[in-house]
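Trainee: Okay, here's what each chain looks like letter by letter:
There are 2 protein chains.
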Amino acid sequence: MVTHITEQVPRSIWYGWADPARATTLRPGALTYLRATLALESIEKIHEPVDMSAIRLPTSTLDPAALAELWEICGSQYVSIADHERILHAGGKSTPDLLRIRSGDALGAPDAVIFPADAEAVRRVLEVCVAHRIAVVPFGGGTSVVGGVHTIRTGFSAAITLDLRRLDKLVDLDPVARTATLQAGMRGPDIEAALQARGFTLGHLPQSHQEATLGGYVATRSAGQASTGYGRSDALVKSVALQTPTGPMMLGSAAPGSAAGPKLLDLVVGSEGTLGVITSASMKITPVPEHKSYGAWSFPSFAAGAAALRQLEQDGVRGDMPHVCRLSDSDETAATFKLGGTKTEALGKYLALRGQKTPALALFVWEGPRAEVTKRKRRSARILKAAAGVRLGPMPATAWEHGRFSGPYLRDELLTRGVYVETLETSATWSALDSTYAAVRGAILDALGEHGKPGYVQTHISHVYPDGASLYFTFLGALEPDGLAQNERIKAAASKAIVGAGATITHHHAVGIDHSPYMEHEIGALGIEVLASVKHTLDPTGIMNPGKLIPTRKKDNS
Amino acid sequence: MVTHITEQVPRSIWYGWADPARATTLRPGALTYLRATLALESIEKIHEPVDMSAIRLPTSTLDPAALAELWEICGSQYVSIADHERILHAGGKSTPDLLRIRSGDALGAPDAVIFPADAEAVRRVLEVCVAHRIAVVPFGGGTSVVGGVHTIRTGFSAAITLDLRRLDKLVDLDPVARTATLQAGMRGPDIEAALQARGFTLGHLPQSHQEATLGGYVATRSAGQASTGYGRSDALVKSVALQTPTGPMMLGSAAPGSAAGPKLLDLVVGSEGTLGVITSASMKITPVPEHKSYGAWSFPSFAAGAAALRQLEQDGVRGDMPHVCRLSDSDETAATFKLGGTKTEALGKYLALRGQKTPALALFVWEGPRAEVTKRKRRSARILKAAAGVRLGPMPATAWEHGRFSGPYLRDELLTRGVYVETLETSATWSALDSTYAAVRGAILDALGEHGKPGYVQTHISHVYPDGASLYFTFLGALEPDGLAQNERIKAAASKAIVGAGATITHHHAVGIDHSPYMEHEIGALGIEVLASVKHTLDPTGIMNPGKLIPTRKKDNS
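Quick note, the sequences are listed as chains S and X, same order. FYI, the numbering for the first sequence is 563 to 1120, going by the numbering used here. FYI, the numbering for the second sequence is 563 to 1120, going by the numbering used here.
Hints listed in this document are in silico derivations from the structure and should not be mistaken for laboratory results. Be aware that a few hints might be false.
In this list, chains with the same sequence are indistinguishable; a pair is considered to hold if it fits within one copy or across any two.
[As the list claims (entries may be wrong)] For lysine to any residue, the following SDA-like pairs were computed, each having C-alpha atoms within a straight-line distance of at most 25 Å:
#	residue 1	residue 2
1	800	1001
2	854	877
3	800	1087
4	854	881
Work out the full structure: start from the sequences and follow the hints.
Mentor: Written out as structure tokens, the structure is:
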């Protein structure tokens, strides 16, 4: 049996990711490469975040009477109005979030951070918040990159953040039906530790896995790095317990299939805290695989690689798809080869000799019984070879796995070096994948370079479906003096291209504040009215995570 | 390539299923068996439906001004107020529906039947109906067995049925993404003919397939006989175009995966016409399989067979599950052996010699490339054998497939013979399957036998999931003088047992009028409020399929 219990890390520092001591620093070669690619003169210069004492925090507007009621419910040690705690909950982990907090702006911080013990405490906290018109932000790992955990006070007497870390128990595990009920505040590694002790895994490994929580997975409709095999969080969730300002709800059921009307569970999955607080969820679980096997292949182009993945998914033997299935475009591949050390550099040279001048690298991890995995790999190899693939051996895939959770650390270091870096993602059908890729990549490059400095974009597919695939863009440039404006410019250009291509505004980052202007593109004006009516039914005073998901109506803007 | 274009049959007669001339009549052996099992003295006696001229139809209350407007939109030949058409649309095809109509009761008939040409005509018809407060029943194949297509006039000036048969076109097929957009009124065989001409199949084959329509599949969250392989309709649907009284909606998208908030598509799937009229839907399609292979196995008991299916699903090689996967309990197996002719009778004797005194018969159809199917069958055989299965050869599975759509014909004949017969279904997790089976079966038997006559129940699993399976009950008894009361008594007892077992009130028959009292069990009182608020947003005057899905509030009943 594969023991793949993931590393348990401390909760994130206020200005970046997790525990920076665990980060691997950029090698000199990488710095040289970045300096050249982005025309950065001063990459050695260190841009430290401001001192914590210099952070601008809003004055707390929490009514002392409300505070006393919250103490009564949770115990005073679980109701924090300390600056440090408020700063730690001032936002998520998007690049603009980090730019803001590093510059000392914690104006999105809550007036208090509450740590309820259980669902009943959540229910009572919501009662207090309704009575005092206090906005409530549910908070899991705080890893949102779309403004999902900012507090917005407008129209409220105050705003609190409900940190669910104490809801951290495995409630129930049914080994026959292969389901487990988990409390919402369990973080990724805790979920895996609890399940793997019983021989099971959730298999949900987003890049944020080490910090993110079960409730966050479900509330944001997240996808993990192995979701091609295990399924997205929305495919794994069977039922959800929710506390709303109107009362508790239990949606979904144990029944494996039902035709009992619209699937209301799917209103809560992806609701991002706007309808209520998810306190636990029942999830499908899988026995820990006996064996993992790694593979890497190279294709003459990104389009050729995508066509190969499509064939593998559509025409391969059902069940042969690797659990992890990624394909980098030639830019990302070149960077991987360039920055991965001598061995990977040699790979690039080898491929050039094989006629692949702009190769696209695919990484695979198959999981399952050893004998079966071997057969799946062999059958898959036939398809990949016929699709002009060159087999490279497992090393690039094991190297990827080794660094799979390191992206956010790297960003912290890049920001410290004055490098702007951000990511965004979408998905498209196989028939629209190439055109979506070209349109979004082009828009990002144009927007990056608007002020004369060269930008850099690399892209990969990380989730494969029968009808299409995801597209994930990582882009870098010299950080401009107004980094927030820079980010907004690039994000707007990319979003316009996504909408124009008919793709989705988000494949797995969710909506939050940042994507809410594009919700009309996703569900139409009438769809937004439907969402608003559901919210009004469950949260008539509108205290639940205001400003997220449902776009605020603008009168003068079309 | 397997050519499995399904038979195109005429639309159903008013008092029963499709074209009775195509039915195979009950063999004398079956009559003898039924007479003995159900203590029926007079099974040879024929109970004909009343003459059409004797049918009681409500006087049409349709305002002539509204009628004129409907003529204007659809053309007078597509707005029928003829008795015959109204009778044909007076209800669905449940046993109580048939008992009512055969006795001459068509009081649920609409005031007019409208046949709109396209989505735009649907939109305009809804406008007229809002203006005149006319209730609207969307009508596909009219195969509902839960009262989904009855007209309910209370609170309205009149009620019309919107028959969508003219929306019968394949709009678009994307062979790369493997999706097709189909108009809602296409019936099952027409869908297959259109797709198979392009090399694809929807693979959706409920027992009602030959009459039912795409819109009905989506509106009722249906499952088909091969849904273990192809997936339920809710897993196949990518997007839906809907006309609501408030305006048109397009929900879902081409994007294969999205985290853009709650999945509103799942509010329309299963909405049973209560929110609007589905005019088209984009569905996942699959290439027509190269080969189909049949298998039958017998297990010492229903529980042993269920455990074997669970192992096949959970521990077998991913993708080895047969597309069709059914398991009969020992009652259904005994009846199959008894009534299937000499060959199947011999099977029963053979199994008794092998020590299986109360065998449970499993039927499988594997689909795919020939070589692959052979391997899948071989691997599956290892699991089934280890689980005490005895292989029987393909005959019982091919025989089942031959008669797969004949159930409704058989019921017509049984009713004519004075035999009460009905079906109901649920699903449960593997861990709760045995107890759910025992509780529901026991409740039906007790209720059947309440007046001293013996009843008969047979049960099968027809859909297998990683976490559980469906349960489908067929039950017979002597038809009592008040067949409607008899049916209500048995249905209520079974429903109580289902709710008590924590199972779902319907796995694939949907809700309609009959299951609406159990919706609170499924989604809670707050869930019903959510549904009502969504309905109010899209259908503020409540004209869309009133009385279905959402339970009518009772003041005196708890």
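Trainee: Any hints from earlier that this structure breaks? Give me their numbers in increasing order, please.
Mentor: none
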